[in-house]
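Here the sequence shown is numbered in the numbering used here, starting from 88 and rising by one per residue.
Hint data in this document are derived by calculation from the structure and do not stem from the laboratory.
A hint or two may mislead.
For each label pair, taking beta carbons as the anchor points, the in silico distance ranges come out as [said to hold, decoys possible]:
id, residue 1, residue 2, range
1, K333, I151, 43 to 51 angstroms
2, W422, L221, 45 to 53 angstroms
3, V148, G411, 36 to 44 angstroms
4, T147, S102, 21 to 29 angstroms
5, K217, E325, 42 to 50 angstroms
6, P157, K321, 40 to 48 angstroms
7, K333, Y139, 17 to 25 angstroms
8, W422, V148, 20 to 28 angstroms
Where a beta carbon is used, it is the ideal one built from N, C-alpha and C, also for glycine.
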Amino acid sequence: MFAPAIQQAMLTYHSTNPLLTSFVVSVWILGYFFGSLFLGPLSELYGRLAVYLVCNVLFTVFNICTAVSPSLLALVVFRFLAGTFDGCPITIGAGTFGDLIHPRSRGKIIAIWSFRPIIGPILGPIARGKCKKLHKVTGNQALRTDIDVDRKPSHVFGRGIIRPLKLLFISPTVSILSIYAGVVYGFTYLFFTTFTLVLQVQYGFGTGAIGLTYLGLGVGSMLGLGVGGYVSDKLYREKAVDGHMKPEYRIVPLIPGAFFIPAGLFCLLLMCVSTYFIDVHPRYEASATAAATAVCSSIGALVPLFGRSMYKALGLGWGNSLLGILTLEMAPLPWLFFKGRKLRLRLRHQIRIRRG
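Just need the whole structure built from these sequences, with the hints factored in.
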């Protein structure tokens with residue numbers, strides 16, 4: 088929601104630094120990274136509901152602080168803290184569904200859940216453009232909507248911190264797919280931070296019109312999630328009857344979809360990877376997802392920082408072509424994991440995780 092207003096915010100705080108302009112947007116994702124390091128362990132220690140409730144309150148508080156930030160530094164800090172607690176559903180959501188949802192229906196549910204990191208950036212700018220127009224027409228800046236166990240906690244928390252790192256560095260299934268998802272995630276947020284620059288400066292779009300351009304990404308994501316969730320559950324039910332169900336079948340929709348990710352089907356990747364992690368690590372799905380979230384968030388926060396420099400050096404055409412080529416080169420990875428079952432069955436990392 089903040090991206091279309093970034094130029095106005097920088098004018099308000101009297102800053103023209105292009106690197107800082109991108110960082111104000113991406114610092115939210117950096118908060119996801121730090122939140123993923125401790126929210127997962129806390130959910131295993133105190134239960135998922137308690138973590139959800141506390142994070143909802145803190146997320147609201149820091150969003151309010153963001154709105155009244157007296158300086159650019161305060162804006163960055165409060166956005167970072169809001170992003171930290173906003174990452175709660177992303178970090179422990181897969182664990183919640185692993186606890187509650189039967190594998191036969193898991194693909195469909197996680198497809199809906201996977202839409203959450205993209206729906207906000209898509210609908211937020213549209214809502215903000217509408218609000219700004221209403222403020223201007225009515226002159227009212229105060230408009231509101233109508234619906235306005237025996238283990239020590241330190242030991243459990245410590246193990247919860249270490250386990251995602253073990254999964255990330257020892258398990259090839261987690262590390263490689265997390266990096267793949269992180270690269271695509273970073274490119275997605277690079278587009279978010281450059282939409283405003285390109286459309287406003289080069290094409291003269293207004294704030295409301297810029298917000299509407301995000302709808303294309305939303306339509307593509309919905310199509311990817313709908314098809315991916317349906318195929319995942321259908322394939323699972325068919326293979327379960329034959330007794331040949333494997334976690335690798337969860338990434339079947341991603342094999343053809345990977346070649347369309349440069350066109351905007353990021354959510355399909357996220358849904359397939361999340362369901363795959365739940366099936367591969369049924370006892371540690373929260374830790375596996377936390378590891379993936381940490382990688383995605385760190386890359387998502389850092390990639391937009393070089394976006395403007397890249398476009399300035401290469402131009403829009405070659406810059407976007409470079410991103411498309413990189414994602415296409417990584418497209419065979421889902422096929423590698425589908426065929427490379429031995430990667431998942433390596434005993435070494437499984438034993439270390441259990442002992443850790």
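Right, here's what the structure says about each hint:
{"no.": "1", "hint": "K333 with I151: 43 to 51 angstroms", "in the structure": "47 angstroms, holds"}
{"no.": "2", "hint": "W422 with L221: 45 to 53 angstroms", "in the structure": "49 angstroms, holds"}
{"no.": "3", "hint": "V148 with G411: 36 to 44 angstroms", "in the structure": "40 angstroms, holds"}
{"no.": "4", "hint": "T147 with S102: 21 to 29 angstroms", "in the structure": "27 angstroms, holds"}
{"no.": "5", "hint": "K217 with E325: 42 to 50 angstroms", "in the structure": "45 angstroms, holds"}
{"no.": "6", "hint": "P157 with K321: 40 to 48 angstroms", "in the structure": "54 angstroms, violated"}
{"no.": "7", "hint": "K333 with Y139: 17 to 25 angstroms", "in the structure": "32 angstroms, violated"}
{"no.": "8", "hint": "W422 with V148: 20 to 28 angstroms", "in the structure": "45 angstroms, violated"}
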